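Chemist: Here is how the chains run, residue by residue.
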Amino acid sequence: MIVEIGHFALILAAIVAMVQFAVPLWGSYKSDPILMHVAIPAAQTHLMLLAISFFSLMWAFVTSDFSVMNVFANSHSAKPLFFKISGVWANHEGSMLLWVLILALYGVMVASFGRNLPPSLKTHVLSVQALISVAFLLFIIFTSNPFERIPNPPMDGKGLNPILQDFALSIHPPFLYLGYVGFSIAFSFAVAALIEGRVDAAWARWVRPWTLVAWICLTIGIMLGSWWAYYELGWGGWWFWDPVENASFMPWLAGTALLHSALVVEKRGALKLWTILLSILTFSLSLMGAFLVRSGVLSSVHAFAVDPERGIFILGILTFFTGGALSLFAWRAPDLKQGGIFAPISREGALVFNNLILVIACGTVLIGTLWPLVTEAFGLKISVGAPYFELTFAPLMLPLLLAIPFGPLLAWKRGDLRGAAHRLYAAAGIALLVVVITYSVTSGESMIAPLVIGIGVYIVAGAASEILWRAKAFRADWSEVRRRLFNMPRASYGSMLGHMGIGLFVIGSVATSVWNTEKIVAMSPGDTQTIAGYDVRFDGVKNIQGPNFIEKVGSFNVMKNGEQITTLHPGKRAYMVQKMPTTETGIYNAWDGDLYLAVGDELQKGAYTVRFYFNPFIRLIWLGCLIMALGGLVSLTDRRLRIGAPKRAKKTRSAVAAE
Amino acid sequence: MKKISLRAVLMLAALLLTPAFQVMAVEPDEILSDPKLEARAREVSVNLRCLVCQNQSIDDSNAELAKDLRVLVRERLTKGDTNEQVVSYIVDRFGEYVLLKPRIGLHTMILWFGPLALLLLAGGYFYMSFRSRPAASVSAASSPKLEALSSEEQAALDKLMNKD
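Chains as they are written, first to last, in the working numbering: chain F, 1 to 659; chain C, 1 to 164.
In case anyone wonders, no lab produced these hints; they're calculated from the structure.
Note that the coordinates shown come from a computational prediction; the quantities given were computed from them, not determined experimentally.
Ideal Cβ positions, reconstructed from N, Cα and C, are used throughout, including at glycine.
The reader is advised that the hints may include incorrect statements.
Residues from chain C that face chain F, not an exhaustive set, calculated with beta carbons under 7 Å [said to hold, decoys possible]:
#1 Pro28
#2 Tyr97
#3 Leu111
#4 Pro115
Pair by pair, the computed Cβ-Cβ distance ranges are [as the list claims (entries may be wrong)]:
#5 F/Asp335 / C/Gly95: 30 to 36 Å
#6 F/Tyr29 / C/Leu121: 38 to 44 Å
#7 C/Gln154 / F/Phe142: 45 to 51 Å
#8 F/Pro119 / C/Val52: 57 to 63 Å
#9 C/Leu32 / F/Pro525: 24 to 30 Å
#10 C/Leu32 / F/Gln529: 15 to 21 Å
Okay, the calculated bits of chain F under chain C, using three or more residues with CB under 8 Å as the criterion [to be verified]:
#11 376–382
#12 510–524
Working from the sequences, and respecting the hints, build out all of it.
Modeler: Below is the structure:
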């Protein structure tokens, strides 16, 4: 019964979305405020219905209702409750339902937080949002219905793929979708602006927080996936330039560019058309990611051609929204007035440079991801893997990394490059020192790696020195500096953290890829191996029974300089239902890196293949991502992003001063 | 199948294409005793695709075929082949698909020169646009153009004005 309610709510949600699309748009055409206002209750009803639908499916998973096809195919009664819940979105149908639920959630947030939004803009945004929702709901109802029943329910389910039964991977898809779908708001705002024919600072101020929310979630989502790959896959890798990863990375690159260009529209009224275009492209890349992942085109163009129903449908959605928005852009763009002229060396110029590099980097990833599909369609199979991207993407990013600390130090309209460079002397000095130390500590193994590490340090120190310079540190007395630090807009701290995160990421990724050590050996109980100064003794293997798996757990005693440090327990799980093994790694996290152990197959009696890694400073990769996301969060709390608030802020501040 | 990515995994799960998932790629018995030669074998392996896997190099894959190729690479190297000779030996037998970094040719023009072309094109566009409006005019032309108010805005303004 509950399943049928969920199914019914899903169909009803599609109808409500159609109403939410058509009625307000008609109202806006007829200048009828009552019809326009329909968008708000419609958005709320839409969310409520999808929530009912989503939680009905979750109910079916939690109660292991195997008469539902989707539950049968992706769940099992012996699975822990947490993974029964995450199993809802760990499959195609359920994940699409999560997608539309998040879409509806964003819609309601625009409706309720957007009280100060001009009514016509709000109407158009909600109407475009509803149209996206309609497209995806039809896709779910006609090609991917999660509520399909089985006439003769089986006794138990097929279970969930064991590698998906993991905490980080369970919360990875919701974050990714919050990111992908969040960019739909920027898209809807762009389309609404094109319909209305006006883009101004208020528009940019409205778009920015939504883009920021989406960007934060996407950053966390990608980070979680990378972290999971690291600890779960058993060989210490963290990014593979896999097409599916690229599918999430491209919207991130475009979204990062969008965050920066929206800033120019907001502050200076320039780059309006470009920002509109970028909003459209960012969401289009999200849709393309959905197409690549959901259609099966990546595993083989031919596999896609055999069962094209879903792929063609998403391709249709992609073509309709991207094509439609771009046509609208071509038609209306000439009417939008460009403003805010600036010199090449200026804050705007730096942000243009940022956009230039990020978009071309995104284009490079796009070409590398799609070109093999194109040649395959013409009968020629080529591979484009990590070596290609390392050779093209990395050098492209280098000039941007060097430019990052300059950007915030340049003034709007016309900046002073020499002055900015002067303020970065300290940062460059620290970086140079680190380069020399790194070079001598690693005994000159690599020339380039210490330099790139230096660039990372220079970005971190540069971000800090910008804040210190603005606070007049070392130039004014302490109380003045403290007052300035305290009163600085949160957005400044946000951008500082964001840039620091990038710097840390650079340091971590370079250090671990250049100086990681690896040892692959056969070990019998009692054997000791030495890696990166650690003496690791193998103490044998035990069998452990989990809720739905059996695990062979190894015991490794870790010593350093004769002192006991820790015991690691890497293992191998065999999931009973799927008869599939997974790896559980043993990781010891020291300040200077990770000691990483994975156990392989049993060779002879009691002897096992063991992989040892020492990954120096690898945690900086994810820490960097987290700090970037934190920067976004801090920026989000800036008063200026809440329209109407700035005035109140001034009042409270003067009120406090008066007391 | 180690070098499988997160959502590749999700997709595979969706497609029910889930082959046995094991850990080890390079096995202890494959490793050459000469560390220099082994390092070269690694260098070659990371650029060769495991043909039956999704976007994995033979260095990371545990598939039978990958193992055979790893052994083959090491055999050729011990026989005195250069890295390039090993690679062309394998490409001759398995086709260009085996290369994770495709060769430069007519069919890969866009891969190798596309990003550069984009950079030149976009850089050229910005250069031209900056040249066509010299920095000298910055201060003169920066005043925002006024736009007429819409009827709603006019109504809202009138309402505010009448209040006082």
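Chemist: Taking the hints in turn, state whether each one holds.
Modeler: Here is what the structure says about each hint:
1. Pro28: holds (5 Å)
2. Tyr97: holds (4 Å)
3. Leu111: Holds: closest Cβ of chain F sits about 5 Å from C/Leu111, inside 7 Å.
4. Pro115: Holds. Min distance 4 Å.
5. F/Asp335 / C/Gly95: 30 to 36 Å: At 53 Å between Cβs, range violated.
6. F/Tyr29 / C/Leu121: 38 to 44 Å: holds (40 Å)
7. C/Gln154 / F/Phe142: 45 to 51 Å: holds (47 Å)
8. F/Pro119 / C/Val52: 57 to 63 Å: holds (58 Å)
9. C/Leu32 / F/Pro525: 24 to 30 Å: holds (27 Å)
10. C/Leu32 / F/Gln529: 15 to 21 Å: holds (19 Å)
11. 376–382: holds (count 3)
12. 510–524: With 3 residues close enough to chain C, the hint holds.
Checked against the numbered hints given earlier, this structure breaks only hint 5.
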